[in-house]
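Peer 1: What follows is the residue order along each chain.
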Amino acid sequence: MNLLITRPRYDYTTRYISAWAEPVVQSAKSKGHHVLDLQEERANRQEVESMLKKQTPEVVFFNGHGSEDTLTGHNGEVILRTGENEHLLSEKIIYALSCRSAKILGASSVKKGARAYIGYIEDFIFMYSSEKRTRPREDRTAALFLEPSNQVPLSLIKGNSASRAYRSAKNAYARGIQKLLTSRTSKEDTATIRYLFWDMKNLVCQGDGSARP
Amino acid sequence: MDQEKEIQELVIARLRTLPDGKEISMGADGEFTKEELIEHVRVNDAVGKKMIDVEMGFLRALKEGIFYDHNEFADNPA
Amino acid sequence: MAGKERFFRVYANLPINLREEVVLALPKEGPITWQVAYLEIVNETELGKEILQKLIELEII
Numbered sequence: 001m002n003l004l005i006t007r008p009r010y011d012y013t014t015r016y017i018s019a020w021a022e023p024v025v026q027s028a029k030s031k032g033h034h035v036l037d038l039q040e041e042r043a044n045r046q047e048v049e050s051m052l053k054k055q056t057p058e059v060v061f062f063n064g065h066g067s068e069d070t071l072t073g074h075n076g077e078v079i080l081r082t083g084e085n086e087h088l089l090s091e092k093i094i095y096a097l098s099c100r101s102a103k104i105l106g107a108s109s110v111k112k113g114a115r116a117y118i119g120y121i122e123d124f125i126f127m128y129s130s131e132k133r134t135r136p137r138e139d140r141t142a143a144l145f146l147e148p149s150n151q152v153p154l155s156l157i158k159g160n161s162a163s164r165a166y167r168s169a170k171n172a173y174a175r176g177i178q179k180l181l182t183s184r185t186s187k188e189d190t191a192t193i194r195y196l197f198w199d200m201k202n203l204v205c206q207g208d209g210s211a212r213p
Numbered sequence: 214m215d216q217e218k219e220i221q222e223l224v225i226a227r228l229r230t231l232p233d234g235k236e237i238s239m240g241a242d243g244e245f246t247k248e249e250l251i252e253h254v255r256v257n258d259a260v261g262k263k264m265i266d267v268e269m270g271f272l273r274a275l276k277e278g279i280f281y282d283h284n285e286f287a288d289n290p291a
Numbered sequence: 292m293a294g295k296e297r298f299f300r301v302y303a304n305l306p307i308n309l310r311e312e313v314v315l316a317l318p319k320e321g322p323i324t325w326q327v328a329y330l331e332i333v334n335e336t337e338l339g340k341e342i343l344q345k346l347i348e349l350e351i352i
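Protein chains in written order, with our numbering: chain Y, 1 to 213; chain R, 214 to 291; chain A, 292 to 352.
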C-alpha cells in the first residue's frame, strides 16, 4: 500500500501535528508499506498533486491548517481547494487533520470520487505545554489529543475500513475523556476535557465507510 | 446583564481557571495563552465566539449525561 | 424552588472532578462553581433561587 503524508512545519501547531505523525510513518514502514512523506517545503501543492497523480496512494494523511473548502501545506500554501483539484483524491481514503475541511472539501471530494474522507467539520483544537513546544513528542498534554487522532491512519494502515478507523479514533477520544473524568485526574488534565469533547464531536467520516485500503 | 454578556462573563471565568503554562492551538487562528483567549472573548471576535461555543457546548452536554452514554462510546467496528 | 430537581439530577451525575468547575458568573458574587451552587440550592437560599434561574435560562440544567 502507498501512504501519502504531508507534514508542514512552520508554526507551533504544524510542528506538533507533524511531529506526532511520526509514529504513523514508522508503523506504515514497519508493515512494509511505501510511505511518500512530504515534509516541510515538500508539503506544497505541486508535489502533492504530482504524488496523487503519479504514485496513486491508496491512503492520504494530510496534516496542516485548513478551512471549510481548503487544505494547506507548508507556510499555509493551499494544496487542495474545492472546485479546483479535489478530483485528484478520487479512489483514495483520506484522513485530514486539518480544521474544518470535512465541511465542504471533504463532501466535495467524495462526490468527485474519493472513497472516504475522515476529517473535522470544525477547528481541531488542542492544548499543549508551553515548556515542551520545542519538543512536541515529549508533551503529554498534547498526547491526549494527538494519540486519539492517530488512531485513524494507524487503523487504515492495518487494512481496516474507513468506518472502523473512524470508530477507533472516536473510541480513543471517548476512553481518554472517561479516564480524565475520574477523581484520579489532576486539575491540569481535567481542563483538556472540553477540547477533547469538541474534537471528538466534530470528527466525521464521509463517503463509503466500508472502503478499505 | 443581558444573556450574551452573562455567557461572556461565564466563559471568561472558566478560562481564568485554565492551568498556567499551557497554550491552546486553534488551527489557522493561531496559538493562544489563556489571557489572550480571555481578551478574544471580551471583544467577541471569531476566536472569542469559538471559545464560547466550545465552553457552552461542553456545559450543556453535561446535563445530558453523555459521558456515560455507552452508545456513543461503544466500539462499533464496521 | 422550581428546577431544584433538575439541578440535583444533573449534579448527582456530574463527575467528581468537574464539580469544582465554574458553572456561572454572577454580577455581584462573581464566579460560582457547581459545588457552591449545590450548597445554595440545597439550603434554599435567595442566592440559590437566582442560581437556579440562571442555570435554566442558560440551558445548563
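Hints are computed from structural coordinates only; laboratory data are not their basis.
Here the structure is a predicted model, which means the values were calculated and not measured.
Beta carbons are placed, not taken as given, at the ideal position from N, Cα and C, and that holds for glycine.
Be aware that a few hints might be false.
What the hints assert, rightly or not - If we take Cβ atoms under 8 Å as the criterion, some of the chain Y residues that face chain R in the derived model are: (1) 10; (2) 47; (3) 124; (4) 128; (5) 194.
Unchecked claim - One side of the interface only, derived from the structure: several residues of chain R facing chain A at Cβ under 8 Å: (6) 216; (7) 217; (8) 234; (9) 235; (10) 280.
Peer 1: Please go over all the hints and tell whether each is borne out by the structure.
Peer 2: How the hints compare with the structure:
1. Interface restraint check for residue 10 of chain Y: the shortest CB-CB distance to chain R comes to about 12 Å, outside 8 Å, so the restraint is violated.
2. The criterion of a C-beta within 8 Å of any C-beta in chain R is not met by residue 47 of chain Y, whose closest approach is roughly 21 Å, and the hint is violated.
3. Because the smallest distance between the Cβ of residue 124 of chain Y and any Cβ of chain R comes to about 6 Å, under 8 Å, the interface hint for this residue holds.
4. Against a cut-off of 8 Å between C-beta atoms, the interface hint on residue 128 of chain Y holds, since the closest Cβ of chain R lies about 6 Å away.
5. With its C-beta approaching chain R no nearer than about 4 Å, residue 194 of chain Y sits inside the 8 Å limit, and its interface hint holds.
6. Nearest Cβ of chain A to the Cβ of residue 216 of chain R: about 7 Å, under the 8 Å cut. The hint holds.
7. Using the Cβ-Cβ criterion of 8 Å, the hint placing residue 217 of chain R at the interface with chain A is not satisfied: the shortest such distance is roughly 11 Å.
8. At a threshold of 8 Å, the smallest CB-CB gap from residue 234 of chain R to chain A is about 19 Å, leaving the interface hint violated.
9. Evaluation of the residue 235 of chain R hint against chain A yields a violated restraint, the C-beta minimum of about 16 Å exceeding 8 Å.
10. Hint status for residue 280 of chain R: holds, given a least beta-carbon distance of 7 Å to chain A, under 8 Å.
Of the hints listed earlier, those the structure fails to meet are numbers 1, 2, 7, 8, 9, in rising order.
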